[in-house]
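Engineer: Listed in order, the protein sequences are those of chains A and B. Each residue of the first sequence is one higher than the one before, counting from 1 in the working numbering. Each residue of the second sequence is one higher than the one before, counting from 1 in the working numbering.
Just to be clear, a hint being listed does not mean it is correct.
No copy labels: a pair is met if it fits in one copy or bridges any two.
[Said to hold, decoys possible] With a straight-line cut-off of 20 angstroms between C-alpha atoms, the simulated SDA-like cross-links for lysine to any residue are:
id, residue 1, residue 2
1, K73, A235
2, K304, A437
3, K228, V240
4, K228, P216
5, K244, P216
6, K171, K202
7, K228, Y275
8, K244, T214
9, K171, L83
10, K304, T435
11, K202, E103
12, K304, E122
13, K228, E217
Read the hints as simulated data drawn from the structure, not as lab findings.
2 protein chains.
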Amino acid sequence: MVSVVGTQRQVEQTGTESTVQDVAAYMQQVGQQARQASARLRSATTAEKNSALHAIADALLASEGSLLAANEKDLSAGRANGLSDALLDRLTLTPDGIKGMVEGLRQVATLQDPVGQIDNMEYLPSGIQRGQMRVPLGVVGIIYESRPNVTIDATALCLKSGNAAILRGGKEAINSNRALALAVQAGLEVAGLPADAVQIIKTTDRAAVGALITMPEYVDVIVPRGGKGLIERIASDARVPVIKHLDGVCHVYVDAAADAAKAVAIAFNAKTRRYGVCNAMETLLVHAEATEVLTTLAPMFKEKGVELRGCERTRALLPDCLPATPEDWTTEYLAPVLAVRIVSDADEAIAHINHYGSQHTDAIVTENFTLARRFLTEVDSSSVMVNASTAFADGAEYGLGAEIGISTDKIHARGPVGLVGLTSQKYVVFGDGHTRA
Amino acid sequence: MVSVVGTQRQVEQTGTESTVQDVAAYMQQVGQQARQASARLRSATTAEKNSALHAIADALLASEGSLLAANEKDLSAGRANGLSDALLDRLTLTPDGIKGMVEGLRQVATLQDPVGQIDNMEYLPSGIQRGQMRVPLGVVGIIYESRPNVTIDATALCLKSGNAAILRGGKEAINSNRALALAVQAGLEVAGLPADAVQIIKTTDRAAVGALITMPEYVDVIVPRGGKGLIERIASDARVPVIKHLDGVCHVYVDAAADAAKAVAIAFNAKTRRYGVCNAMETLLVHAEATEVLTTLAPMFKEKGVELRGCERTRALLPDCLPATPEDWTTEYLAPVLAVRIVSDADEAIAHINHYGSQHTDAIVTENFTLARRFLTEVDSSSVMVNASTAFADGAEYGLGAEIGISTDKIHARGPVGLVGLTSQKYVVFGDGHTRA
Numbered sequence: 001m002v003s004v005v006g007t008q009r010q011v012e013q014t015g016t017e018s019t020v021q022d023v024a025a026y027m028q029q030v031g032q033q034a035r036q037a038s039a040r041l042r043s044a045t046t047a048e049k050n051s052a053l054h055a056i057a058d059a060l061l062a063s064e065g066s067l068l069a070a071n072e073k074d075l076s077a078g079r080a081n082g083l084s085d086a087l088l089d090r091l092t093l094t095p096d097g098i099k100g101m102v103e104g105l106r107q108v109a110t111l112q113d114p115v116g117q118i119d120n121m122e123y124l125p126s127g128i129q130r131g132q133m134r135v136p137l138g139v140v141g142i143i144y145e146s147r148p149n150v151t152i153d154a155t156a157l158c159l160k161s162g163n164a165a166i167l168r169g170g171k172e173a174i175n176s177n178r179a180l181a182l183a184v185q186a187g188l189e190v191a192g193l194p195a196d197a198v199q200i201i202k203t204t205d206r207a208a209v210g211a212l213i214t215m216p217e218y219v220d221v222i223v224p225r226g227g228k229g230l231i232e233r234i235a236s237d238a239r240v241p242v243i244k245h246l247d248g249v250c251h252v253y254v255d256a257a258a259d260a261a262k263a264v265a266i267a268f269n270a271k272t273r274r275y276g277v278c279n280a281m282e283t284l285l286v287h288a289e290a291t292e293v294l295t296t297l298a299p300m301f302k303e304k305g306v307e308l309r310g311c312e313r314t315r316a317l318l319p320d321c322l323p324a325t326p327e328d329w330t331t332e333y334l335a336p337v338l339a340v341r342i343v344s345d346a347d348e349a350i351a352h353i354n355h356y357g358s359q360h361t362d363a364i365v366t367e368n369f370t371l372a373r374r375f376l377t378e379v380d381s382s383s384v385m386v387n388a389s390t391a392f393a394d395g396a397e398y399g400l401g402a403e404i405g406i407s408t409d410k411i412h413a414r415g416p417v418g419l420v421g422l423t424s425q426k427y428v429v430f431g432d433g434h435t436r437a
Numbered sequence: 001m002v003s004v005v006g007t008q009r010q011v012e013q014t015g016t017e018s019t020v021q022d023v024a025a026y027m028q029q030v031g032q033q034a035r036q037a038s039a040r041l042r043s044a045t046t047a048e049k050n051s052a053l054h055a056i057a058d059a060l061l062a063s064e065g066s067l068l069a070a071n072e073k074d075l076s077a078g079r080a081n082g083l084s085d086a087l088l089d090r091l092t093l094t095p096d097g098i099k100g101m102v103e104g105l106r107q108v109a110t111l112q113d114p115v116g117q118i119d120n121m122e123y124l125p126s127g128i129q130r131g132q133m134r135v136p137l138g139v140v141g142i143i144y145e146s147r148p149n150v151t152i153d154a155t156a157l158c159l160k161s162g163n164a165a166i167l168r169g170g171k172e173a174i175n176s177n178r179a180l181a182l183a184v185q186a187g188l189e190v191a192g193l194p195a196d197a198v199q200i201i202k203t204t205d206r207a208a209v210g211a212l213i214t215m216p217e218y219v220d221v222i223v224p225r226g227g228k229g230l231i232e233r234i235a236s237d238a239r240v241p242v243i244k245h246l247d248g249v250c251h252v253y254v255d256a257a258a259d260a261a262k263a264v265a266i267a268f269n270a271k272t273r274r275y276g277v278c279n280a281m282e283t284l285l286v287h288a289e290a291t292e293v294l295t296t297l298a299p300m301f302k303e304k305g306v307e308l309r310g311c312e313r314t315r316a317l318l319p320d321c322l323p324a325t326p327e328d329w330t331t332e333y334l335a336p337v338l339a340v341r342i343v344s345d346a347d348e349a350i351a352h353i354n355h356y357g358s359q360h361t362d363a364i365v366t367e368n369f370t371l372a373r374r375f376l377t378e379v380d381s382s383s384v385m386v387n388a389s390t391a392f393a394d395g396a397e398y399g400l401g402a403e404i405g406i407s408t409d410k411i412h413a414r415g416p417v418g419l420v421g422l423t424s425q426k427y428v429v430f431g432d433g434h435t436r437a
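Using the sequences and the hints, build the whole thing.
Structural biologist: Right under this line is the structure:
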């Protein structure tokens with residue numbers, strides 16, 4: 001694995017792209033400023049934070065011209081460097097895209113503020129009252145790729161949850177992100193919050209990432225967003241906790257006791273709603289007594305252009321079906337391809353999911369109450385569903401309002417991570433002069 | 001920092017102490033067995049887990065003779081190796097100590113089982129029902145020093161929370177821990193749970209620790225218990241999340257609006273109840289208008305043998321007081337020594353705590369409601385108290401029943417960590433054939 005941890009290096013760049021000479025010193029300063037800003041944010045009122053979100057939205061609208069101009073610089077450079085059309089598409093800012101960011105900011109302003117909420121407040125035998133107060137994590141570092149809207153999404157969520165943010169976007173978007181940073185800082189200043197509450201790293205030097213993930217004194221958690229390779233590398237090199245999202249090899253298991261119409265609808269939706277998303281079904285497991293579901297689905301998938309790769313029993317049933325290799329059971333296709341396996345019972349289905357799956361999202365279709373309860377307990381995934389499409393595994397669908405990502409970790413936050421996932425709880429104790437015996 | 005990560009090494013030990021020849025292969029096997037056992041534990045009922053706890057307790061009572069004999073071996077070896085009296089004391093097992101372990105196991109059996117609890121179950125606009133189910137983390141690795149009772153405490157908490165445990169105690173206690181392991185495994189078998197649900201590492205080779213903390217495929221979280229140096233080293237080398245406890249530099253701030261009698265009682269209790277514990281007060285901050293509290297406390301501390309080290313203003317008030325150096329503000333004495341500083345206002349106190357403290361436990365003594373609220377918000381520690389002694393920061397006092405440690409992290413668990421801290425939450429979704437638009 002290539003290390004992204006850099007030592008003190010000089011940034012060798014020309015023109016306006018970077019003015020950072022000493023990356024290590026620069027990142028130290030960014031970290032210190034974030035830590036300082038986080039102390040102010042910790043006690044910022046909900047009104048102050050919401051006012052900052054609206055002020056940033058206003059500043060974005062006011063600077064549409066300069067945002068589009070900066071983005072055009074990135075696009076020209078991208079074209080010159082031979083970026084793929086898909087990458088250029090993700091990089092592109094449009095007036096509608098800016099409107100989307102503005103709406104996102106105003107929507108986060110409407111969400112409930114988790115900070116300060118006290119749970120479990122109760123009197124204990126000693127006479128003290130003890131509770132748990134929700135508090136910001138402190139400083140959140142976000143590492144992402146070239147989509148500039150992530151800059152504003154992350155800003156909104158970190159700010160509302162009372163965290164200072166250090167944002168490191170892809171180098172292809174550096175000019176767009178710098179222009180967005182100006183609007184963010186203008187908004188923060190209007191609201192009377194420190195401009196360093198959200199800092200966007202100004203250098204494209206990779207050593208900045210190495211520094212960001214190894215400063216536990218300044219950074220409380222890292223949220224990497226991007227491909228599996230990037231995330232694994234960051235998790236491996238980090239000296240700071242990482243909330244990470246690896247792959248989504250999601251399953252739908254159609255049980256013998258499934259309602260066939262529900263099974264067909266769910267499996268078709270889970271595969272074809274969108275192919276490139278982590279909550280799409282990648283493997284369909286079908287009980288040997290429910291194969292009519294499979295024969296109904298096969299022509300529907302064919303019409304939609306979904307390629308099937310099946311086990312021997314599946315191929316006996318569907319002669320057109322390609323053979324599945326062992327690798328298919330662990331592959332996140334993110335494409336119109338589906339692995340299919342016929343199983344003899346629910347035990348085999350659950351064992352398959354826990355062995356080959358990625359613990360992201362898995363669903364059972366069954367009318368059998370006892371089996372549904374068992375599936376919920378025994379399948380060890382961040383979302384486990386009964387009679388619903390895996391496509392629902394999403395922050396907005398779960399009512400979180402917005403999400404910073406979907407965690408496939410078990411520690412701290414699991415599944416879609418919203419505002420609450422960016423907070424911690426501290427104990428609060430009230431007494432009347434109480435001492436411990 | 002010395003790395004504890006070892007490569008494949010041969011264990012060079014003689015006699016019965018170790019039969020492990022290839023540490024890397026042995027640890028792989030331990031990891032695989034733990035992962036396998038955790039799948040069974042995930043769906044173990046509360047009754048099964050409680051029955052195992054009682055069966056282990058019974059097995060401990062039945063094997064008192066062999067436990068004491070094994071412990072005597074460790075003690076002889078310890079004496080021969082020149083262990084300090086304090087270490088030998090911690091290493092010693094007595095019939096009363098065994099009774100304490102037995103009571104601990106039976107008490108954990110009485111605690112509420114957090115696993116399976118579903119929170120936030122609600123209907124969402126799409127018609128699905130979404131909730132969060134509490135689930136075990138999976139496999140927990142505990143690294144500790146020479147106290148054999150930790151072996152049983154950790155066993156009880158991991159088992160009740162549905163986690164498989166891999167326990168690595170200090171090398172001085174290897175014979176005691178092996179004898180305890182026999183009782184634990186006998187109990188697990190009686191209850192019909194896998195014997196590998198709790199594994200005690202059989203080798204004293206340090207490479208075993210290096211392997212344990214770098215197997216994310218088998219281990220979900222590491223809880224190190226011991227000195228700050230050990231914990232920092234583990235946190236630095238781990239490739240697995242670590243729930244850690246660094247130092248406790250705890251403060252009591254006596255405000256101008258404090259009730260003097262409460263302030264005296266709280267400060268005296270927080271310092272003198274026990275010196276060697278992490279929740280003991282190490283620095284007393286006193287408002288310049290509340291110095292009568294200090295002049296009342298000074299002779300009490302003197303009589304108790306507590307040495308005071310004060311700022312200039314403190315020394316002007318208490319001529320006997322030694323001068324505090326900057327180092328005193330960040331020192332966890334764990335001894336009858338107290339740093340004292342007179343501050344001009346609450347701002348100075350809060351700034352001192354957030355700057356020099358260790359974010360463990362800090363208390364204010366005040367009758368001022370507004371200031372109490374401010375202190376709760378602005379002091380960024382795992383426990384923040386009003387008019388109560390820092391000595392209350394403890395799992396038992398907080399009603400957790402038992403604790404695996406006190407976390408000074410912000411991620412996942414903060415403050416005393418009980419059964420809930422050893423669990424995660426997964427999303428569960430119920431539908432009626434729902435698909436996403």
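Engineer: Evaluate each hint against the coordinates.
Structural biologist: Consistency of the hints with the structure:
In the homo-oligomer, the alpha carbons of K73 and A235 never lie at most 20 angstroms apart, since the shortest distance is 32 angstroms inside one protomer and 43 angstroms across protomers. Proximity of K304 and A437 under a CA criterion of 20 angstroms is satisfied inter-copy only: 17 angstroms between copies versus 72 angstroms inside one chain copy. In this homomeric assembly, K228 and V240 come within 20 angstroms of each other (Cα to Cα) both inside a single copy, at 18 angstroms, and across copies, at 18 angstroms. Proximity of K228 and P216 under a CA criterion of 20 angstroms is satisfied inter-copy only: 16 angstroms between copies versus 23 angstroms inside one chain copy.
Taking identical chains as interchangeable, the C-alpha atoms of K244 and P216 lie at most 20 angstroms apart whether they share a chain (17 angstroms) or sit on different chains (13 angstroms). Taking identical chains as interchangeable, the C-alpha atoms of K171 and K202 lie at most 20 angstroms apart only when both belong to the same chain, with a minimum of 10 angstroms there against 50 angstroms between chains. Taking the shortest Cα distances, K228 and Y275 sit within 20 angstroms of each other inside one copy (17 angstroms), while across copies they are farther apart (48 angstroms). Taking CA atoms no more than 20 angstroms apart as the test, K244 paired with T214 passes in both settings, with 16 angstroms inside one copy and 17 angstroms between copies.
Taking CA atoms no more than 20 angstroms apart as the test, K171 paired with L83 passes inside one copy only; the shortest distance there is 12 angstroms, against 57 angstroms between copies. Within a single copy, K304 and T435 get their C-alpha atoms only as close as 70 angstroms, which misses the 20 angstroms cut-off; across copies the closest is 17 angstroms, which meets it. In this homomeric assembly, K202 and E103 never come within 20 angstroms of each other (Cα to Cα): the closest approach is 26 angstroms inside a single copy and 59 angstroms across copies. With identical chains, the CA atoms of K304 and E122 are never at most 20 angstroms apart, being 57 angstroms at best within one copy and 34 angstroms at best between copies.
Within a single copy, K228 and E217 get their C-alpha atoms only as close as 27 angstroms, which misses the 20 angstroms cut-off; across copies the closest is 16 angstroms, which meets it.
In this structure, the earlier hints numbered 1, 11 and 12 are contradicted, and the remaining ones agree with it.
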